[in-house]
Amino acid sequence: MDNFIKKIIINHGHISYLCLTVLLFLIPASILSQETVSKDNCLNCHLILDGKFKQPAVLFSSDIHFKKGITCSACHGGDSKSDDQDKAMNKAAGFIGIPHGQQVLKICSKCHANEFNNFVKSVHGQSNTGNGTIINNCVTCHGIHNIVPVKSPSSKVNGLNIVKTCTGCHSNASYMRTYNPGISVDQLEKYKTSVHGQRIFNGDSKVANCASCHGNHDIKNVKDPQSRVYVTNVPSTCNKCHGDANYMKEYNIPTDQYEKYKSSVHGIALLEKGDKNAPSCNKCHGDHGAAPPEVESITKVCGTCHALNEQMFQESPHKDAFQKKNIHDCAACHSNHGISKTSDEMIGNGEKSFCIKCHANQDKGIQVAITMKSYIDSLLKEVNLASYLINKAEQKGMDVSDAKFDSNDIKKVLITTRNVIHYSNLEKFTGSINEGFNITNKAKITGEESIKDYYVRRIGLGVSTILITIICVALYFKLRKIEKKRT
Amino acid sequence: MSIFSKLYHKIDERFQINDLISFMKKKEVPLYRGTIWYYFGGITLLLFIIQVVTGILLLLYYKGSADIAFESVQFISAKVKFGWLIRSIHSWSANLMVLAAFIHMFSVFFTKAYRKPRELSWYSGFILLVLAMGFGFTGYLLPWNELSLFATKVGTDITKTIPFVGEYIMNILRGGEEVTGATLSRFFGFHVALLPGIFIFFLAAHLIFIQRQGMAAPEDWDEMSDKKKINIPFFPNFMMRDLLIWLIIINVLSILAVFFPWELGKKAEELAPAPAGIKPEWYFLFMFQTLKLIPAKLSVIDGEVFGVMMFGLAGLFWFLIPFWDRKTPRGKKWYWINYLGIFVIIFILVFTIIGFIT
Chain A
0 MDNFIKKIII NHGHISYLCL TVLLFLIPAS ILSQETVSKD NCLNCHLILD GKFKQPAVLF
60 SSDIHFKKGI TCSACHGGDS KSDDQDKAMN KAAGFIGIPH GQQVLKICSK CHANEFNNFV
120 KSVHGQSNTG NGTIINNCVT CHGIHNIVPV KSPSSKVNGL NIVKTCTGCH SNASYMRTYN
180 PGISVDQLEK YKTSVHGQRI FNGDSKVANC ASCHGNHDIK NVKDPQSRVY VTNVPSTCNK
240 CHGDANYMKE YNIPTDQYEK YKSSVHGIAL LEKGDKNAPS CNKCHGDHGA APPEVESITK
300 VCGTCHALNE QMFQESPHKD AFQKKNIHDC AACHSNHGIS KTSDEMIGNG EKSFCIKCHA
360 NQDKGIQVAI TMKSYIDSLL KEVNLASYLI NKAEQKGMDV SDAKFDSNDI KKVLITTRNV
420 IHYSNLEKFT GSINEGFNIT NKAKITGEES IKDYYVRRIG LGVSTILITI ICVALYFKLR
480 KIEKKRT
Chain B
0 MSIFSKLYHK IDERFQINDL ISFMKKKEVP LYRGTIWYYF GGITLLLFII QVVTGILLLL
60 YYKGSADIAF ESVQFISAKV KFGWLIRSIH SWSANLMVLA AFIHMFSVFF TKAYRKPREL
120 SWYSGFILLV LAMGFGFTGY LLPWNELSLF ATKVGTDITK TIPFVGEYIM NILRGGEEVT
180 GATLSRFFGF HVALLPGIFI FFLAAHLIFI QRQGMAAPED WDEMSDKKKI NIPFFPNFMM
240 RDLLIWLIII NVLSILAVFF PWELGKKAEE LAPAPAGIKP EWYFLFMFQT LKLIPAKLSV
300 IDGEVFGVMM FGLAGLFWFL IPFWDRKTPR GKKWYWINYL GIFVIIFILV FTIIGFIT
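As they're listed, the protein sequences go chains A and B.
Using numbering that gives the first Met the number 0, the first residue of the first sequence is number 0, and each one after it goes up by one.
Using numbering that gives the first Met the number 0, the first residue of the second sequence is number 0, and each one after it goes up by one.
Calculated directly from the structure, the hints in this document are not laboratory data.
All figures in this text were calculated on a predicted structure; none of them were measured in a lab.
Mixed in with the good hints, there may be bad ones.
To be verified - Heads up, incomplete: computed chain A residues facing chain B, CB under 7 Å, no partners named:
1) 396
2) 456
3) 478
Unchecked claim - With a straight-line cut-off of 20 Å between C-alpha atoms, the simulated SDA-like cross-links for lysine to any residue are:
4) 340(A) - 306(A)
5) 62(B) - 244(B)
6) 483(A) - 235(B)
7) 265(B) - 390(A)
8) 219(A) - 340(A)
9) 480(A) - 244(B)
10) 80(B) - 447(A)
11) 480(A) - 29(B)
12) 80(B) - 133(A)
13) 120(A) - 224(A)
14) 484(A) - 21(B)
15) 266(B) - 447(A)
16) 159(B) - 299(B)
17) 155(A) - 139(A)
18) 477(A) - 30(B)
19) 205(A) - 215(A)
20) 228(B) - 481(A)
21) 78(B) - 262(B)
Built from N, CA and C at the ideal position, the CB exists for glycine as well.
Please model the complete structure; the sequences and the hints are all you need to start from.
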C-alpha cells in the first residue's frame, strides 16, 4: 500500500495530496493517529515513504517533541502544514533539510536556551575538529528523532544508559585520539569494577553515573576550577550523595566522611591551604573505579604518596600481625577520612597512645614504644634548650647564623625519626634519633660559647675603656701641670 | 744615660728630631673660646688613620667579587677573631669621620679661617670632604647587601641627570648600564686604591699647609689686647690636648662598635625587586630628600636635572668662598656669610631628619 501511495504522490503531484489526505482518513487508527494526520504533513508523507525516508518519521512518533505537538518543520524548516511537497520543502521558505553541527545547537536552543548556554561553555561545546566544526552537539547524547524524557528507561541519557552513551565516544581510542590524545579511554573498564558500576549494571539507577560527577550540559575540563571534578571540588561533589543520610539510607554506610575529611590533615591541606597535591576522595578510592580500599591494599593506597612510610611499614613486624587480625594497616593508627595531625602522643603508653590498643602493658612491643617516646621527648627538650641558647645569644647581638642554619637539620631529623617509627625497630630508631642529639649538642655548645663570648667582649670593652680613661685622666693632670707651670 | 736616652740620641744624631721638636715648640695655638673647633681637624685625621688600619685588616679577608663579597664579610663578622670588632669600628669610624669633617668644615667656615692666607687649606679641605663622601659611597656597596645594592642604583642613577656627560659618567661608575658585580669590583678598586691615592695627596698638602701656616687666629685676634691673647705651644700642650680627645674618641668608638655592631643585612640579588626603605648613607640624605621633593617637571627642565644642577652650583659656590668673600680678609664683618652658613646647616638638618622619618 505504501508503494501505491508513493506512486500517486510522484505521478500526480499536489492534486494527489487531496485524494491522499482523504485516503489517509480511511487508514486504520493503528497505523496513524488522526491527530498526526491533521497537524504535520511532513510526518504524514514520510510515514508512507520507504527506508531512510520513513525511519525518522516512525521514530519521531514516539519522540517527546512530537508528543508536545512540535512538528518536523520546527527543526527542519519548511512548512509542515502544506500538503504540497514543493512548498513544504521549499528552501526559500526556510527548509534546511538535515541540520548539522552548529545548526542543531541553534535549533535546540530556540526552546532549550539554558541548556544551550551551559553547553557552549562546556568542554564539549568548546571542542572542535580544528576547522571550527564542533565535535558534538545535542543529538550526540540525546539521539535524533527518538528523544524521550531523561527519566524514561529508553532515554539515552537515563541514569542506566548514560554510561553507554558517554563511553560511545570516550571508550573509542581512535576517536578520542583525534580530539584529545591525552585523555584515557579506560573509564568504562574501571567503572565496571567500581561499586557504582557494579550496582548500576545490576539496575540500581541511584548510584553515581558519569553525569552525577561530571554534570551534563555544563561539563568542564577536569583542570578547570569550575569543574565538579576539579581536585578541590571532588570532596563536595562526592558529598552530594555520600553526605545525604536519606539518600544513602539503603546502602548502610556512614555519611560523615566529608565532615571528617574537612577537618583532616588532607582536607585542610586541600580545601583551606589550596595544596592541590593533597588527596581528595578519588586519590584513595579511585575515580571511575571508586571503591573502598581493602585491608591488603590500604598500605599501597597510602603509599602512593607516603612511599617511604609504606616501605618501612612493610618491613615492620606490624605488617603480618595486622594482616592476621584483619586490621586496616595505616588506618588502624591514623584513621581514614578524619586523619588528624600526628603527634608524639600516638606512641608510648600514654592515654592518647595507639599502641595500647593492641599491646599489653608489659609486652616487648609496648616497651619499645615507651623507649621511643622517651627518646623523642628528650630530644625535644634538648632542641628547646639549644634554641633557647641560640636565641639568647642572638638577642645579645652575637652572630649565630651558622648554628641556626645547622639547627634546621634538627627538623629534618625529627621528621625522619618520626617516620622511622613505622619500622617498629628500636635499633633503626636510635640510629636516626642520635643524629638529632649530635646536632642539638653542637647547637647548644655554639649557643653557650656565643653567650660566653658576649660577656668576654663586654669585659674586654670594660677593661679597655677603664685603661683608656685612666690614661685620659693621667694626661689631663699632666696637661694641667704643664699649663700651670707655663702660667 | 738610660737605654731610651741612648736610643733617642742615636736617632736624633741621624734625623735631627730635636730640630723638629723645637719647631713644634715654637709653633703656637691661640687659646680662646673657639679653640675647641681646632680639635675637629685632628679628630677627622684620627678617624682616617683608624679607617686605614681597620681597612687594611679587612682587606686580608674581604673578597671584592659579587659571588663571595657578602659571604666574605659574613666570614669576617662570624669567624675571624675580632673580625666583628674591626668591621664594626671601620663602619662606625667611617661615619664619624664624615661627621667630624662636616663639623670641621663648618667651624672653619664660621671662624672665617678660610681667609687669606689659608685659601688653599680650604680648597684642599673641601676636596678631602668630597673624597671622604666618595669613600663612604663606594664602601657602602662593598658588603654587597640588599640595601647597599639598591642605594647604589639610586645614587648612580642621579649622575645620569648631569647634562651631556651624565650617562657616560654613570656607565663609568657602574662598569656598564646596570649595577652588577662589575660595579662592585670597580667600587672596590675606587675604595682601596684610587680614592686613597688621591686622598693621601690632598691630605698631605692640607697638613703641610697647616703646619706651615699654623692655626688660624679668630677674626678679632689683632684687635684684642695682649693680655687677652693667650697662645699655647703646639708641642706638648696642644698635642696632649689632641691626644686626650683622641683617646676619648677611641673610647666612644669601641663602645659604639661593641654595643651597636654594624648589621650586614640580606645578600643582594640583582634581579630581586627593590625592598622598601631604600635610603643612602645619612650624609647624602639631605640631597636625596631634596631631589625627591622637587616636582618631576619644572617648566622646561626635569626636576631632578634642576636639583642636581642646583646642588652642583651650590657646592661650587661653597667651594669658592675664599674667592668671593672679599670683605673678611680686609677685616670687615660680613654677617651675611654667617646667615648663609646657618641656612645651610638648617637646610641639611631639616632635610636629613625628613629623610630619616619618611
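Each hint, compared with the structure:
1. At its closest, the beta carbon of residue 396(A) sits 6 Å from a beta carbon of chain B; the interface hint therefore holds under the 7 Å criterion.
2. Because the smallest distance between the Cβ of residue 456(A) and any Cβ of chain B comes to about 6 Å, under 7 Å, the interface hint for this residue holds.
3. With its C-beta approaching chain B no nearer than about 5 Å, residue 478(A) sits inside the 7 Å limit, and its interface hint holds.
4. Straight-line distance between C-alpha atoms of residue 340(A) and residue 306(A) comes to about 18 Å, which keeps the hinted pair within the 20 Å bound.
5. Among the hinted pairs, residue 62(B) with residue 244(B) is inconsistent with the structure: their alpha-carbon atoms are about 35 Å apart, more than 20 Å.
6. A threshold of 20 Å between alpha carbons decides the hint, and for residue 483(A) with residue 235(B) the separation of about 13 Å falls inside it, so the pair holds.
7. Distance hint between residue 265(B) and residue 390(A) is fulfilled; the C-alpha atoms sit about 19 Å from each other, no more than 20 Å.
8. Among the hinted pairs, residue 219(A) with residue 340(A) is inconsistent with the structure: their alpha-carbon atoms are about 34 Å apart, more than 20 Å.
9. For the suggested pair residue 480(A) and residue 244(B), the alpha carbons sit about 18 Å apart, so the restraint of at most 20 Å is met.
10. For the hint linking residue 80(B) to residue 447(A), the alpha-carbon distance of about 17 Å falls within 20 Å, and the restraint holds.
11. The hinted pair formed by residue 480(A) and residue 29(B) meets the criterion: a straight-line CA distance of about 19 Å does not exceed 20 Å.
12. Between the alpha carbons of residue 80(B) and residue 133(A) the distance comes to roughly 77 Å, so the proposed pair goes past 20 Å and is violated.
13. For the suggested pair residue 120(A) and residue 224(A), the alpha carbons sit about 13 Å apart, so the restraint of at most 20 Å is met.
14. At most 20 Å may separate the alpha-carbon atoms for a hinted pair to count; residue 484(A) and residue 21(B) meet this at roughly 18 Å.
15. For the hint linking residue 266(B) to residue 447(A), the alpha-carbon distance of about 27 Å lies beyond 20 Å, and the restraint is violated.
16. A threshold of 20 Å between alpha carbons decides the hint, and for residue 159(B) with residue 299(B) the separation of about 18 Å falls inside it, so the pair holds.
17. A distance of roughly 10 Å separates the Cα atoms of residue 155(A) and residue 139(A); the hinted pair therefore holds under the 20 Å criterion.
18. Annotation: proposed proximity of residue 477(A) to residue 30(B) holds, straight-line Cα distance about 18 Å (limit 20 Å).
19. This hinted pair checks out: residue 205(A) and residue 215(A) have alpha carbons roughly 16 Å apart, not beyond 20 Å.
20. For the given pair, residue 228(B) sits about 19 Å from residue 481(A) by alpha-carbon distance, which is consistent with the 20 Å threshold.
21. Pair hint residue 78(B) plus residue 262(B) holds up; C-alpha atoms about 15 Å apart against a cutoff of 20 Å.
Checked against the numbered hints given earlier, this structure breaks hints 5, 8, 12 and 15; the rest are met.
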